[in-house]
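Listed below are the residues making up each chain.
Protein chains: 2
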Amino acid sequence: MPQVKVIAKIRRRRIDIYNEFTTLLLELYQLKSVLALLDWDTQVNMPEKGAQRRGETVAYLAGLLHNKFISREFGKLLKSVKKLSQEGKLDEKQSAVAREVSREFAREKKLPEKHVRELAQLTSEAHQVWVRARRENKFRFFLPYLERIIDLKRREAECVGYRQSPYDALLDTYEPGAKAAEIDKIFTDLKEFLVPFLKKIQSDPLREASQIGLKKPKIRILRGNFPIDKQQELGRMVAEALGFDFTAGRIDQAVHPFATNFHPEDVRITTRFDTRDLFYSLMSTIHEVGHALYEQGLPVENFGTPLAESISLGIHESQSRVWENQVGRSLPFWKYFYPTLRRKFPQPFGKIKLEDFHRALNSVRPSLIRTEADEVTYNLHIILRFELEKALIEGEITPAELPKLWKKKMKDYLGIVPKTDREGVLQDIHWSAGLFGYFPTYTLGNLYSAQFYAAAKLSNPGLESQFSRGKFAKFRNWLKLNIHIHGKFYSADQLCKKITGKPLSAKYFTDYLASKYSQIYKLSD
Amino acid sequence: MPQVKVIAKIRRRRIDIYNEFTTLLLELYQLKSVLALLDWDTQVNMPEKGAQRRGETVAYLAGLLHNKFISREFGKLLKSVKKLSQEGKLDEKQSAVAREVSREFAREKKLPEKHVRELAQLTSEAHQVWVRARRENKFRFFLPYLERIIDLKRREAECVGYRQSPYDALLDTYEPGAKAAEIDKIFTDLKEFLVPFLKKIQSDPLREASQIGLKKPKIRILRGNFPIDKQQELGRMVAEALGFDFTAGRIDQAVHPFATNFHPEDVRITTRFDTRDLFYSLMSTIHEVGHALYEQGLPVENFGTPLAESISLGIHESQSRVWENQVGRSLPFWKYFYPTLRRKFPQPFGKIKLEDFHRALNSVRPSLIRTEADEVTYNLHIILRFELEKALIEGEITPAELPKLWKKKMKDYLGIVPKTDREGVLQDIHWSAGLFGYFPTYTLGNLYSAQFYAAAKLSNPGLESQFSRGKFAKFRNWLKLNIHIHGKFYSADQLCKKITGKPLSAKYFTDYLASKYSQIYKLSD
Numbered sequence: 003m004p005q006v007k008v009i010a011k012i013r014r015r016r017i018d019i020y021n022e023f024t025t026l027l028l029e030l031y032q033l034k035s036v037l038a039l040l041d042w043d044t045q046v047n048m049p050e051k052g053a054q055r056r057g058e059t060v061a062y063l064a065g066l067l068h069n070k071f072i073s074r075e076f077g078k079l080l081k082s083v084k085k086l087s088q089e090g091k092l093d094e095k096q097s098a099v100a101r102e103v104s105r106e107f108a109r110e111k112k113l114p115e116k117h118v119r120e121l122a123q124l125t126s127e128a129h130q131v132w133v134r135a136r137r138e139n140k141f142r143f144f145l146p147y148l149e150r151i152i153d154l155k156r157r158e159a160e161c162v163g164y165r166q167s168p169y170d171a172l173l174d175t176y177e178p179g180a181k182a183a184e185i186d187k188i189f190t191d192l193k194e195f196l197v198p199f200l201k202k203i204q205s206d207p208l209r210e211a212s213q214i215g216l217k218k219p220k221i222r223i224l225r226g227n228f229p230i231d232k233q234q235e236l237g238r239m240v241a242e243a244l245g246f247d248f249t250a251g252r253i254d255q256a257v258h259p260f261a262t263n264f265h266p267e268d269v270r271i272t273t274r275f276d277t278r279d280l281f282y283s284l285m286s287t288i289h290e291v292g293h294a295l296y297e298q299g300l301p302v303e304n305f306g307t308p309l310a311e312s313i314s315l316g317i318h319e320s321q322s323r324v325w326e327n328q329v330g331r332s333l334p335f336w337k338y339f340y341p342t343l344r345r346k347f348p349q350p351f352g353k354i355k356l357e358d359f360h361r362a363l364n365s366v367r368p369s370l371i372r373t374e375a376d377e378v379t380y381n382l383h384i385i386l387r388f389e390l391e392k393a394l395i396e397g398e399i400t401p402a403e404l405p406k407l408w409k410k411k412m413k414d415y416l417g418i419v420p421k422t423d424r425e426g427v428l429q430d431i432h433w434s435a436g437l438f439g440y441f442p443t444y445t446l447g448n449l450y451s452a453q454f455y456a457a458a459k460l461s462n463p464g465l466e467s468q469f470s471r472g473k474f475a476k477f478r479n480w481l482k483l484n485i486h487i488h489g490k491f492y493s494a495d496q497l498c499k500k501i502t503g504k505p506l507s508a509k510y511f512t513d514y515l516a517s518k519y520s521q522i523y524k525l526s527d
Numbered sequence: 003m004p005q006v007k008v009i010a011k012i013r014r015r016r017i018d019i020y021n022e023f024t025t026l027l028l029e030l031y032q033l034k035s036v037l038a039l040l041d042w043d044t045q046v047n048m049p050e051k052g053a054q055r056r057g058e059t060v061a062y063l064a065g066l067l068h069n070k071f072i073s074r075e076f077g078k079l080l081k082s083v084k085k086l087s088q089e090g091k092l093d094e095k096q097s098a099v100a101r102e103v104s105r106e107f108a109r110e111k112k113l114p115e116k117h118v119r120e121l122a123q124l125t126s127e128a129h130q131v132w133v134r135a136r137r138e139n140k141f142r143f144f145l146p147y148l149e150r151i152i153d154l155k156r157r158e159a160e161c162v163g164y165r166q167s168p169y170d171a172l173l174d175t176y177e178p179g180a181k182a183a184e185i186d187k188i189f190t191d192l193k194e195f196l197v198p199f200l201k202k203i204q205s206d207p208l209r210e211a212s213q214i215g216l217k218k219p220k221i222r223i224l225r226g227n228f229p230i231d232k233q234q235e236l237g238r239m240v241a242e243a244l245g246f247d248f249t250a251g252r253i254d255q256a257v258h259p260f261a262t263n264f265h266p267e268d269v270r271i272t273t274r275f276d277t278r279d280l281f282y283s284l285m286s287t288i289h290e291v292g293h294a295l296y297e298q299g300l301p302v303e304n305f306g307t308p309l310a311e312s313i314s315l316g317i318h319e320s321q322s323r324v325w326e327n328q329v330g331r332s333l334p335f336w337k338y339f340y341p342t343l344r345r346k347f348p349q350p351f352g353k354i355k356l357e358d359f360h361r362a363l364n365s366v367r368p369s370l371i372r373t374e375a376d377e378v379t380y381n382l383h384i385i386l387r388f389e390l391e392k393a394l395i396e397g398e399i400t401p402a403e404l405p406k407l408w409k410k411k412m413k414d415y416l417g418i419v420p421k422t423d424r425e426g427v428l429q430d431i432h433w434s435a436g437l438f439g440y441f442p443t444y445t446l447g448n449l450y451s452a453q454f455y456a457a458a459k460l461s462n463p464g465l466e467s468q469f470s471r472g473k474f475a476k477f478r479n480w481l482k483l484n485i486h487i488h489g490k491f492y493s494a495d496q497l498c499k500k501i502t503g504k505p506l507s508a509k510y511f512t513d514y515l516a517s518k519y520s521q522i523y524k525l526s527d
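Listed in order, the protein sequences are those of chains C and Y.
527 is the number that the working numbering gives the last residue of the first sequence; the numbers go up by one with no jumps.
527 is the number that the working numbering gives the last residue of the second sequence; the numbers go up by one with no jumps.
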C-alpha cells in the first residue's frame, strides 16, 4: 500500500512543520512571560536602587524577543505554516494561530528597528518631562516632546500602512481590526445620549423627591476610617467569591492597580489603599479581578499560542467593567455583601440603609479627572481624548492647540472647565508613553460589557437574583464559555456577533445607563 | 606620525575586542539575573498551579544561557581575549575576567549536553523519590536513584578531568581550585580538636560550678510566644543595624531561608518563623544578612563580569557565618541588643540575665540533624558527609553501605546514633540534587570566618567594644574593602593569604571555639 505510506509521510511532514513552528512560538511566549514577571516585580517588589539595571535587563530581553520573532528562521517557518493553512491542511484552530501570528509578524517586520529604539528613547525621556510638567503645571515643558512623539507615531502609521486613517494603524495594536470611522460613529451615538442624559441628572429631579424623604445620592456618606488589613481581608473575600483562583494567582499592593499574567495559571493583580475611602481599593480590586478571570479562563493547554491570549484591550476591559459596574455596583450584589460590610465596618455603614448606600455608590457628578469619573461621565472623558488624538494623528490639529481644545470639549461635554492643565491635558500618562489609539478601548470595553451582559441575562433569566445570594459561578462560567476559552480564535467583531447576534452598538450601554440611573435619580421619562 | 596612528589603531582594535566580549558577557549575566528572579519568585510568591509552566520557563532560559555561553561566537571572542591577556595587552582586572570566564567556559564545554539533560532529568525524579523515602523512612526507595546519580557524577568528573581525585572535579564547581587532599588534611586537624573538645564539654564541668550558682546552659529557657509581626520588626531592625541596605534589597518569607541577588543593587533574603522560637528566624536572618552584605558589597560598576561575583561558596559562607556566629552569638552584640529584646519580649527575657541568656544561646548538644547543630558540633556533621561523599565518588564505598557507615561515624564523632535513616542519611536534600562537593564549603566557610575575624580584630582592636555600642560599620567596611570589592579578582586561597598572611588552617577556628566555650562552660585547661 505505497499510497497510504505516502499520505502518512505527507501528513507527518505537515505535523513536523506545525510542531516546529509552535515549539519556536512557545519560546517567544516564555520570553513574554519573563518580561511580564520583570514588570510585575518592578512595580510590586523591586528596591529603589534596582531600577537602573532592571531597565537594562528588560531592554535586553525585549530586544531578544523582537529579534527572535522577526528572525529569518521564524519567518521561514511562519511562511510554510501559512502555506499549509492556505492549502487547507491545518485545522481551524491551527489556522487561527497562523493568522494571528502572521498579523503581528507583519506589523513588527514593517517597523524599522531604528524607529522602535528612537521611540523607546524618546518616551523614556518624555515620561520624566511629563511628570515634571504635570507637577509644575507647565504644558509648554511637555509640548516639544509631545510634538516629536506625534511625529514618530505618524511615521509609524505610514510604515505599518492603513486604508482610511493613519489612526487605524495605531488603533490596530490595541484593538485589532478596529477602524476609526466605525468607532467615530458609535461614539457619536453615545455622546448624543450622554450629554443630554447628564444634564437631566444634573437638573436635580430629587428636589421634589426630597419632599418624600429621598435625598440626592452623596458619595461622601461612604467615607470613614478603614484599616488597611481589614480592607485587604474584604478585598480577598470578594475576589474569592467572584471566583478568583488564589492557587493560580495572587493580589499584592502597588502604586497603580493592574492585572498581569505569566500564563493562565499564574495571574496577578494589584491594588492600593486609602484609609478614608474603602471603595478606592475595593472597586479597583473587583475591576482587576474581572481582568484576572479572563486570563485565568484562557485555555492553559494552548499556552504558547494566540489561542491562550486575550482578543483585544476592548474585550479585556469589557471583562473588568462588567464585574466592576454591572455586577459590583448593582443592588443585587450589595444585597449579598452589605451585611458583611456592615459587620466589618459598623462605622459608617451601620446607620446607612442599603438603598441609600447603593445610590451613594452610584452618584453621578462631572469631574475633571478621568480616573475619578462615574459610569455616566467616564465615557465623555474618553470621547474627548479619542477625538483629540485622532485629529492629532490625522494632522487636523497641532499639539500646541491641545489645552484650548481640551477646555472647550470639557465645557461642551461635561459642563466644567479645568482651571489648570494639570487637571486637564496633562493628567494622563498615555500620550507621554506614545500610547495613541489606546484610550478608545476603555469605552469599547464599557460598550462590550453592556452588550455581553444583556446577552448573558437573556440566556440566564435568574442571574441577578443569584448575585443577591452570593452566587457568581453561573455568570463567570457564561463568560468563560462564551469569551475566555476562545482566546484569539475569533476577532472582537466576530465574537460580539456570535454572542449577541449584533455588531457592537452603543444602544445596550445607553439602555443600561438609562434604566439604572433613572431609578437612582428618579428621573421622569 | 604614521607610527602613532598605527599604535592608536592597534589599541582601538584591542579595546574593540574586549568591549565586544564584555557586551556579550553582560547578556549572559542578564539571563543569570532573570533566572535568579524566577527562582526567587518561585520560592517567595508563585501560586501553586504556576509550578509546571514555571519549570518549563526556567528550563528554556537555562538552555538559552548555556547555548549562548558555549556558542562558537562567544568561544571565538573568548579565545581572542585570552590571547590579548597572554600577550600582556590587558590590564590585570581584564585579565582576571578572561581567566575566570575561561575557567567556567572550559568546564561547560567539557560537559556533553546529553549529560546535563540526563542529570537534570534524573535529579528531578530523584527529588520526588527522596521526599517520599525520607517521609516513609525507607532508604531502599532512594538507593537506586542515588546509585545512578553517583554514576553520573563520577562520569562528570571524568569529563571535566582532574589530577588526584575525581572528587576534585566536583568540588571545583563550588570551591574553585580547592583540592580534596588539602581539605582532608585541614578537616582531620579540625576533627582531632572537635571530638575530644565536645567530650570535655559534655563531661559537665558545671556540676561543680552549680554549687556556686552557675547552671548548665539550657536553650529551652529561650522559648516563649513570639508573634510573627513583632519578630519581623526585630529582624528588620537588626538587619538594618548590621548594614543591610533596604534600598538595594528586601526580606521576605519563604519555606527555606536563602539569599539571592540579581545584581549588587537588588539583593534579596528570606526567612521563616516559629512562634515559639524567636531565634529560629533571627539567627537565620543574621546569617542571610551576612550573605547579602557580601552581594551588596560587590562592585556594581563591574556587573556583568566575574569582578562583581563572589569567589566561592566557602568564602560566601564565611560572610554569613562571621555575622551569625562571631558577631551574632557574641556577648558584645547582645550587650547592645538585649535591652531591645527585653523591651519587645518581656516574656521570657525579662527575668533572664544577659549572661545566662548568652550562655543559653550558645549551649552545645550533639544532635542528629545538621541544620539544628550548634557551632561546636556542626562541623562534625560536615566532616562525616565529606568523608562519605568523597569515598563514594572515589569508589571506595558503595551507596548501599551508607546507612551503616553513617551510624558508625555519628557514634565516633558525635557519640549519638540515629535510630532511623530519616534522622540519618536521608536528612539532607543535597545528594538527591546531585550536589556532591557542596557540603565541605559549609565548614570551609566556618574556618575562613574565624581566620578573617582574627585578622579583622588584629587591625581593629576596639571592634568588639564597638559591637556592644551597636556600631557595626567599621567591621562591615573592613569586610567590604578586604573581601567584597574584589569580586573574583583573587582566588579563595590568594585572598586568604592576602588578608591573614597565611593559607587556610583550622587553627583560628579551634582557637575561637576553645576560648569562647571554655568561658561558657567554665572548662579547665
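Accuracy of the hints is not assured; some may be wrong.
All copies of an identical chain are treated as equivalent in the list; a pair is satisfied when it fits inside any one copy or across any two copies.
[Stated by the list, open to error] Below, simulated DSS-like cross-link-like pairs (lysine-lysine); rule was C-alpha separation at most 27 Å, straight line:
(1) K421 <-> K473
(2) K476 <-> K51
(3) K70 <-> K353
(4) K482 <-> K220
(5) K355 <-> K500
(6) K524 <-> K91
(7) K34 <-> K499
(8) K51 <-> K482
(9) K337 <-> K459
(10) K34 <-> K70
(11) K70 <-> K409
(12) K116 <-> K91
(13) K421 <-> K232
(14) K232 <-> K201
(15) K473 <-> K51
(16) K70 <-> K509
(17) K524 <-> K500
(18) K111 <-> K70
(19) K482 <-> K201
(20) K410 <-> K84
(21) K181 <-> K473
(22) K355 <-> K140
(23) K499 <-> K201
(24) K218 <-> K406
(25) K346 <-> K84
(26) K346 <-> K232
(27) K51 <-> K95
(28) K337 <-> K111
(29) K499 <-> K410
By construction, these hints were calculated from the structure, which means they are not laboratory data.
Since the model is a prediction, treat every value here as computed from it, not as a measurement.
Hints and how they fare:
Taking CA atoms no more than 27 Å apart as the test, K421 paired with K473 passes in neither setting, with 46 Å inside one copy and 54 Å between copies. Within a single copy, K476 and K51 get their C-alpha atoms only as close as 47 Å, which misses the 27 Å cut-off; across copies the closest is 23 Å, which meets it. In this assembly of identical chains, K70 and K353 lie within 27 Å of each other by CA distance neither inside one copy nor across copies; the values are 61 Å within and 66 Å between. In this homomeric assembly, K482 and K220 never come within 27 Å of each other (Cα to Cα): the closest approach is 36 Å inside a single copy and 60 Å across copies.
Within a single copy, K355 and K500 get their C-alpha atoms no closer than 41 Å, and across copies no closer than 77 Å, so neither meets the 27 Å cut-off. Taking the closest pair of Cα atoms, K524 and K91 never come within 27 Å of each other, the shortest separation being 60 Å inside a single copy and 86 Å across copies. For the identical chains of this complex, K34 and K499 are neighbours neither inside a copy (31 Å) nor across copies (47 Å), given an alpha-carbon limit of 27 Å. For a Cα distance limit of 27 Å, the shortest separation of K51 from K482 across copies, 19 Å, qualifies, whereas the shortest one inside one copy, 41 Å, does not.
For a Cα distance limit of 27 Å, the shortest separation of K337 from K459 inside one copy, 18 Å, qualifies, whereas the shortest one across copies, 70 Å, does not. Taking the closest pair of Cα atoms, K34 and K70 come within 27 Å of each other both inside a single copy (12 Å) and across two copies (19 Å). In this assembly of identical chains, K70 and K409 lie within 27 Å of each other by CA distance neither inside one copy nor across copies; the values are 46 Å within and 55 Å between. When the C-alpha separation of K116 and K91 is checked against a cutoff of 27 Å, the pair qualifies neither within a copy, at 38 Å, nor between copies, at 35 Å.
For a Cα distance limit of 27 Å, the shortest separation of K421 from K232 qualifies neither inside one copy, at 38 Å, nor across copies, at 48 Å. In this assembly of identical chains, K232 and K201 lie within 27 Å of each other by CA distance neither inside one copy nor across copies; the values are 38 Å within and 55 Å between. With identical chains, the CA atoms of K473 and K51 are at most 27 Å apart between copies only, with a shortest distance of 24 Å across copies and 46 Å within one. Taking identical chains as interchangeable, the C-alpha atoms of K70 and K509 are never at most 27 Å apart, the minima being 44 Å within one chain and 56 Å between chains.
Taking identical chains as interchangeable, the C-alpha atoms of K524 and K500 are never at most 27 Å apart, the minima being 35 Å within one chain and 86 Å between chains. For the homomeric pair K111 and K70, the shortest alpha-carbon distances inside one copy (12 Å) and between copies (25 Å) are both at most 27 Å. Taking identical chains as interchangeable, the C-alpha atoms of K482 and K201 are never at most 27 Å apart, the minima being 38 Å within one chain and 69 Å between chains. For a Cα distance limit of 27 Å, the shortest separation of K410 from K84 qualifies neither inside one copy, at 50 Å, nor across copies, at 68 Å.
Within a single copy, K181 and K473 get their C-alpha atoms no closer than 38 Å, and across copies no closer than 67 Å, so neither meets the 27 Å cut-off. Within a single copy, K355 and K140 get their C-alpha atoms no closer than 45 Å, and across copies no closer than 64 Å, so neither meets the 27 Å cut-off. Within a single copy, K499 and K201 get their C-alpha atoms no closer than 33 Å, and across copies no closer than 84 Å, so neither meets the 27 Å cut-off. For the identical chains of this complex, K218 and K406 are neighbours neither inside a copy (33 Å) nor across copies (84 Å), given an alpha-carbon limit of 27 Å.
In this assembly of identical chains, K346 and K84 lie within 27 Å of each other by CA distance neither inside one copy nor across copies; the values are 58 Å within and 69 Å between. Both within a single protomer and between protomers do K346 and K232 lie at most 27 Å apart by alpha-carbon distance, with minima of 8 Å and 25 Å respectively. When the C-alpha separation of K51 and K95 is checked against a cutoff of 27 Å, the pair qualifies only between copies, where the shortest distance is 26 Å, while the shortest distance within a copy is 46 Å. When the C-alpha separation of K337 and K111 is checked against a cutoff of 27 Å, the pair qualifies neither within a copy, at 53 Å, nor between copies, at 67 Å.
For the homomeric pair K499 and K410, neither the shortest alpha-carbon distance inside one copy (37 Å) nor that between copies (77 Å) is at most 27 Å.
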